[in-house]
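Q: Single-letter residue listing:
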Amino acid sequence: DAMVIQNPRYQVTQFGKPVTLSCSQTLNHNVMYWYQQKSSQAPKLLFHYYDKDFNNEADTPDNFQSRRPNTSFCFLDIRSPGLGDAAMYLCATSKRTGGTQYFGPGTRLLVL
Amino acid sequence: AQRVTQPEKLLSVFKGAPVELKCNYSYSGSPELFWYVQYSRQRLQLLLRHISRESIKGFTADLNKGETSFHLKKPFAQEEDSAMYYCALLSSGTYKYIFGTGTRLKVLA
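Chains A and B, in that order, give the protein sequences. So in our numbering, spot 44 of the first sequence is number 40, and the numbers just go up one at a time. Just add 60 to wherever you are in the second sequence, counting from 1, and you've got our numbering.
Honestly, the hints are just simulated from the structure, not real lab data. A quick note: this is a predicted structure, and the numbers were derived from the prediction, not measured. Hints should not be assumed to be uniformly reliable.
[To be verified] A few chain A positions that, by computed beta-carbon distances, are all more than 10 Å from chain B:
1) N3
2) Y6
3) Q7
4) P14
5) V15
6) D47
7) D49
8) F50
9) F60
10) R63
11) P65
12) F71
13) G78
14) A83
[Said to hold, decoys possible] As a list, the in silico DSS-like pairs of lysine-lysine whose alpha-carbon atoms are at most 30 Å apart:
15) K69(B) with K40(A)
16) K133(B) with K40(A)
17) K133(B) with K34(A)
18) K133(B) with K156(B)
Heads up, the beta-carbon is just placed ideally off N, CA and C, and yes, glycines get one too.
Based on the sequences and whatever the hints tell you, model everything.
A: Here it is in structure tokens:
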């Protein structure tokens, strides 16, 4: 089945230690999104790619970076995780901007 | 400011009872609104979108521009409807989704 895959499902890192979360898709969608969702809060868009064009949200901290080496893969890099970055990170794709979003299962990040 | 408000964190109803999950929005243009659902241990997925004017799994939602609302309704709740429901608005300018904080629906036997 075509889908959006996120690895790992759970990630534990140490304060200040760089961490990378990955997302892959078999839908061949043009757009890939990263959301951060903290407990009892709405998913918050961090950034998205339309093909290779990177679109950063104005309030996304510089600590968060992303890479999309090809259509299928997109990575979220957190350069120096703080305790406040502990959250669920959701990857989503859509065929076009504004199209229906297809979500991955999420990666829960814990920062010790 | 663009905003989606879901006033209820938790809504419990008995099986067979009507359900209404509230969603209000703040948006200056012509909004496109959606309901996404997340069942236990599953990923977030689209339930319905207002432009389709369809009924999915017995759920309907009508956009009321006067009241800036997009409430989700079902006449007879089923246990399998228990899930987390998110209302979302698509900004026509930026094509960015803005999600509400979600409402957990529990349908009791």
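Q: Tell me, in ascending order, the numbers of any earlier hints that this structure violates.
A: Hint check: nothing fails, all pass.
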